[in-house]
Structure formats: C-alpha cells, structure tokens
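Chemist: Chain residues, written in single-letter form:
2 protein chains.
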Amino acid sequence: MRPLFHPEIAEVPLEAILHALSDPARVTLFVDIVGRECSQNCSTLQAVLEKPIAKSTLSQHFKVLREAGLIRSERRGVEMLNTARCAEVEARYPGLLAAIVKAHSIQRQAEAEKTSRPAGS
Amino acid sequence: MRPLFHPEIAEVPLEAILHALSDPARVTLFVDIVGRECSQNCSTLQAVLEKPIAKSTLSQHFKVLREAGLIRSERRGVEMLNTARCAEVEARYPGLLAAIVKAHSIQRQAEAEKTSRPAGS
DNA sequence: TTCTTTGTTCAAAATTTCCGAACTTTTGAA
DNA sequence: TTCAAAAGTTCGGAAATTTTGAACAAAGAA
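Same order as they appear, the protein sequences are chains A and X. Everything in the first sequence is counted per the numbering used here, starting at 785 for the first residue and increasing by one. Everything in the second sequence is counted per the numbering used here, starting at 785 for the first residue and increasing by one.
Treat each hint with caution, since some may be false.
Which copy is meant is left open, because identical chains are indistinguishable; a pair holds if it fits in one copy or across any two.
[Stated by the list, open to error] Straight line, CA to CA, 20 Å or less: simulated DMTMM-like cross-link-like pairs of lysine to aspartate or glutamate:
hint, residue 1, residue 2
1, Lys839, Asp807
2, Lys898, Glu799
3, Lys847, Glu799
4, Lys847, Glu863
5, Lys886, Glu872
6, Lys886, Glu874
7, Lys898, Glu792
Calculated directly from the structure, the hints in this document are not laboratory data.
Input sequences plus hints: build the corresponding full structure.
Modeler: Structure follows, in structure tokens:
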C-alpha cells in the first residue's frame, strides 16, 4: 500500500479546504475529529454520520480531507488513526477552521431546536 | 423572467456556503464584491477572473452565490447589481466570512510572492 | 419598430462523485 | 505456517453535477 500523501498546508489552495468541508459527511467527520482527544480509525468515525455510506466512499472522503491538509492519517496496525492538523492550518489561515467548526456547531444547534419545536412555537 | 430567489440565511446550510466558495471563480467574485463600495453587474465582475468563462457559466455561478445567501442581486435596467450579504451571514455565523475573505487575501499574497521570486531565493 | 446589451434557460458534453467487487495489509487463531 | 477476519484502498461503471453554446427574454436606445 502506497504511503499516504500529506501536503504542506502552504501547498493547499484555500478552495481545496473549502471544498473538502463543503460536503455534509466530510465536515461532520472533520468536526468530530477536531473535538476528540484521541485519534480514531475511519470505521469508528463513520458512526457519527447520519446516513450510512459505502466503505469505498468513506475512504474517498478521508482522502479528500487528507489531501486538503485537514487531517493526518497514520497506520496503526490494521487501522488508520486520524488527527486534525488544526495548528498548521491556523498558522496559515488564522481563524478559518475555528469559524467553520463554530458555524457547524451553530447549525447543529439550530437543527436540534427545530426538531424539538416542529412548527412555530 | 422569474424573480430571483434570495433565501433567508437561517435556511441556508453551512455546507451550501462552503460549497459556493469552494470554486476558484466564485470565491474570487465574492471577495471582489465584498471589497467594493458600489454594487457591480455580472459582466463587469467577470473581469476579475483569471480565466475567461462562458456567459452561461457566469450566470450559474451568480445563482449559486445567491442561493447560498452570500449575495443579493437586484435588476437595474438591463443589468444586475450584486451586493454581499455579509451582515446577515455574520449574524448567523460569526467570523466565517471574515476568515474566508482574509484567507483568500493571504493566498493571493503568497501567490504574488511566489511569482516574483520564481525558485527559492 | 429594430438593434444592442445583459443575463437566463435549455440540452448535450465533460467532469466529478458514489458504490460494489476485488484486492492489499496486518493481526490473531488454529 | 496457514487460514481467516478486519480495516482500508483501488478500480470500473453508474449516477449526479458542472460547463458550455445556442436560443430566448427583458430593457433601453436609435
């Protein structure tokens, strides 16, 4: 298996970062990774998604996050441990990831309130 | 011609905003609109793009920005005047647009320096 | 009216994404 | 060792999205 490619943040276009996080599944996975103490493998992380997706699609999503410089994936035995590269991205694009993670949280909160109060109350 | 649709920011998923700005042409157009005092029509704004694109593609790009709640387009005679909806987006997702606009500026700056100093100097 | 300018819509081509099947790598059990 | 299971990757075709030229619509000027 070819070694995984991890670009320097300086090599990653801003558009690639935004594209990586413009997918519902990917931004959810990334925010979850950011919020964890310990790195987790891909299959475990899939559990945070609302809709189940194919294993090959999940692999592709992790590749997109990795090549956007957002996560680092290390092989640990048979699994991959994924960690966020927040500090590196922050060094180049200050405030970017924090704003997106916060926005995601705000959206989740709004959805939760919408669900608990079905129609105008 | 059907009236243009402008969603409430609360109705726009975060992913739609990120997707709208994940395209090189769209983020460039948007950042340009944000930086202008006066609203501009679509054709004029096309001049800020590096690569020329088809008129129909440009129209589609503005539609994507509009439906992501990022710009407001008003018909003024035969042309469309576009303005950014920064304040509204800021109210829901604090810091998001500022961070992206700033990141875009940082990237432009880095590209400029790279061009003036071709290979390691 | 007729022409020009600006932007939209439509349908087909080009590109990207998703998924199932097959494959690789590593671990652990027999 | 050998075999099987687990976790991901790769590949090829199907499905979805994007791009584009051509035709169309609307407003204003001649």
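Chemist: Now tell me, hint by hint, if it's right for this structure.
Modeler: Now for the hints, and whether the structure bears them out:
Taking the closest pair of Cα atoms, Lys839 and Asp807 come within 20 Å of each other only inside a single copy of the chain (16 Å); across copies the shortest separation is 27 Å, beyond that limit. With identical chains, the CA atoms of Lys898 and Glu799 are at most 20 Å apart between copies only, with a shortest distance of 18 Å across copies and 31 Å within one. In the homo-oligomer, the alpha carbons of Lys847 and Glu799 lie at most 20 Å apart both inside one protomer (16 Å) and across protomers (19 Å), since each shortest distance falls under that limit. Taking the closest pair of Cα atoms, Lys847 and Glu863 come within 20 Å of each other only inside a single copy of the chain (15 Å); across copies the shortest separation is 42 Å, beyond that limit.
Taking the closest pair of Cα atoms, Lys886 and Glu872 come within 20 Å of each other both inside a single copy (18 Å) and across two copies (16 Å). Taking the closest pair of Cα atoms, Lys886 and Glu874 come within 20 Å of each other both inside a single copy (14 Å) and across two copies (12 Å). With identical chains, the CA atoms of Lys898 and Glu792 are at most 20 Å apart between copies only, with a shortest distance of 15 Å across copies and 40 Å within one.
Every hint, counting from the list given before, is met by this structure.
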